[in-house]
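2 protein chains.
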Amino acid sequence: MNKIIEDLKWRYATKKYDSTKKVSIENIEIIKDALRLTPTAFGLQPLKFIIVENQDVRLKLKEKSHNQEQVVDASHLLVLCSYIDNTEIHVEDYIDLIVDTRNVAKENLEGFKEYINNTINPIPLETKTIWNAKQAYIALGNLLHTCAALRIDATPMEGFEPEGYDEVLGLKAKNLKATIVCPIGYRHPEDRYQHLTKVRKHHDDLFEVI
Amino acid sequence: MNKIIEDLKWRYATKKYDSTKKVSIENIEIIKDALRLTPTAFGLQPLKFIIVENQDVRLKLKEKSHNQEQVVDASHLLVLCSYIDNTEIHVEDYIDLIVDTRNVAKENLEGFKEYINNTINPIPLETKTIWNAKQAYIALGNLLHTCAALRIDATPMEGFEPEGYDEVLGLKAKNLKATIVCPIGYRHPEDRYQHLTKVRKHHDDLFEVI
Numbered sequence: 001m002n003k004i005i006e007d008l009k010w011r012y013a014t015k016k017y018d019s020t021k022k023v024s025i026e027n028i029e030i031i032k033d034a035l036r037l038t039p040t041a042f043g044l045q046p047l048k049f050i051i052v053e054n055q056d057v058r059l060k061l062k063e064k065s066h067n068q069e070q071v072v073d074a075s076h077l078l079v080l081c082s083y084i085d086n087t088e089i090h091v092e093d094y095i096d097l098i099v100d101t102r103n104v105a106k107e108n109l110e111g112f113k114e115y116i117n118n119t120i121n122p123i124p125l126e127t128k129t130i131w132n133a134k135q136a137y138i139a140l141g142n143l144l145h146t147c148a149a150l151r152i153d154a155t156p157m158e159g160f161e162p163e164g165y166d167e168v169l170g171l172k173a174k175n176l177k178a179t180i181v182c183p184i185g186y187r188h189p190e191d192r193y194q195h196l197t198k199v200r201k202h203h204d205d206l207f208e209v210i
Numbered sequence: 001m002n003k004i005i006e007d008l009k010w011r012y013a014t015k016k017y018d019s020t021k022k023v024s025i026e027n028i029e030i031i032k033d034a035l036r037l038t039p040t041a042f043g044l045q046p047l048k049f050i051i052v053e054n055q056d057v058r059l060k061l062k063e064k065s066h067n068q069e070q071v072v073d074a075s076h077l078l079v080l081c082s083y084i085d086n087t088e089i090h091v092e093d094y095i096d097l098i099v100d101t102r103n104v105a106k107e108n109l110e111g112f113k114e115y116i117n118n119t120i121n122p123i124p125l126e127t128k129t130i131w132n133a134k135q136a137y138i139a140l141g142n143l144l145h146t147c148a149a150l151r152i153d154a155t156p157m158e159g160f161e162p163e164g165y166d167e168v169l170g171l172k173a174k175n176l177k178a179t180i181v182c183p184i185g186y187r188h189p190e191d192r193y194q195h196l197t198k199v200r201k202h203h204d205d206l207f208e209v210i
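Residue numbers (the numbering used here), protein chains in the order written: chain A, 1 to 210; chain B, 1 to 210.
To be clear, the hints were calculated from the coordinates, so they are not data collected in a lab. A few of these clues could be false.
No distinction is drawn between identical chains; accordingly, a pair holds when it is met within one copy or between any pair of copies.
As the list claims (entries may be wrong) - Cut-off 25 Å, straight-line C-alpha distance, at most; resulting in silico cross-link-like pairs (DSS-like, lysine-lysine):
id : residue 1 : residue 2
1  : 106       : 64
2  : 62        : 3
3  : 32        : 3
4  : 9         : 32
5  : 60        : 106
6  : 22        : 172
7  : 21        : 174
8  : 3         : 113
9  : 113       : 15
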């Protein structure tokens, strides 16, 4: 079997972690680099990734996650946050980053900057929040693939209280919203879910070739 | 450098494709399998992936994609569609699929079915459409990682007219919405974008460790 498919078949939404096993610093760095390389609309990266190691904080977050044990038992807890709003300041910072990274003259990017601002400014706040959240889902797809390739377990979670996370982590004041929660670590031998056959739609129901 | 990071650094949003180069059938199958293995909320897979090879159709879609050449020049055009609505019929089909795949008694899944229906039924249609679209973005993150690992170029695109795509592909009648368009294939040697340094936020701006 192809290595990619083997990796993706190996992974599953882990329900019970072995709390004694920690993801190595080297692998955390690879995961961070992979998240950083996730493409986003216009390249704006309206995202922040919070890595929670502190157990007191994780206990508080567990209460906001329907008491799911993975939040505290996994090696690390990732909170994928997205921006509530995009402003011209973000675009300006992005243009400056391009200038620095590519060593180009800022004047040459004037048109690109205007194009982004003209696209973003008319969008209602709520729509921008949703658009930013979607970018976090690209990061999630990339994260889950990356973890699988590294044989690190992960549990993508939408079932948590975003307001509770905002409260515990003070996100709103930072223009952030907890969009996806993802504990990562190593499956417990007793997690019975690892033995279940993966359920996926048949090819005919999922693909159409024209 | 780690292979994963090497892959993700290799990729970029390709602007110009070599239209003479085709992705092999074997690699298309790997990409399809990878998309199929993408995890989604509850495992419902409210998605359909349309692979457009037909050039007449692609010419029509190009018109609905701000005339971007990649839509016709790439080897294959993927249209990642998500469901407009989720109904109890989809949940029923999903439960049947679990029964078939895992060879379990349907009675045992009654609670799970009820739980999904109770979660989904009160959600307003518009919110369900957005929720389903987010699942397509997980698939996109997985797709881009998969393509990079296979050294296949890809161009994730939000900049197209979803209504135009619906029109050309007859999506609405099938409860589908074109959410992301992604040409895949092989970069043209003349695509100057392949030589640009990737612009990404600094680690300090993107990560917070607690």
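Quick rundown of the hints versus the structure:
| no. | hint | result |
| --- | --- | --- |
| 1 | 106 / 64 | neither (44 Å within a copy, 32 Å between copies) |
| 2 | 62 / 3 | neither (34 Å within a copy, 34 Å between copies) |
| 3 | 32 / 3 | both (22 Å within a copy, 14 Å between copies) |
| 4 | 9 / 32 | both (23 Å within a copy, 13 Å between copies) |
| 5 | 60 / 106 | neither (45 Å within a copy, 37 Å between copies) |
| 6 | 22 / 172 | neither (30 Å within a copy, 47 Å between copies) |
| 7 | 21 / 174 | neither (32 Å within a copy, 46 Å between copies) |
| 8 | 3 / 113 | neither (41 Å within a copy, 34 Å between copies) |
| 9 | 113 / 15 | between (45 Å within a copy, 19 Å between copies) |
Of the numbered hints given earlier, the model fails hints 1, 2, 5, 6, 7, 8; all others are met.
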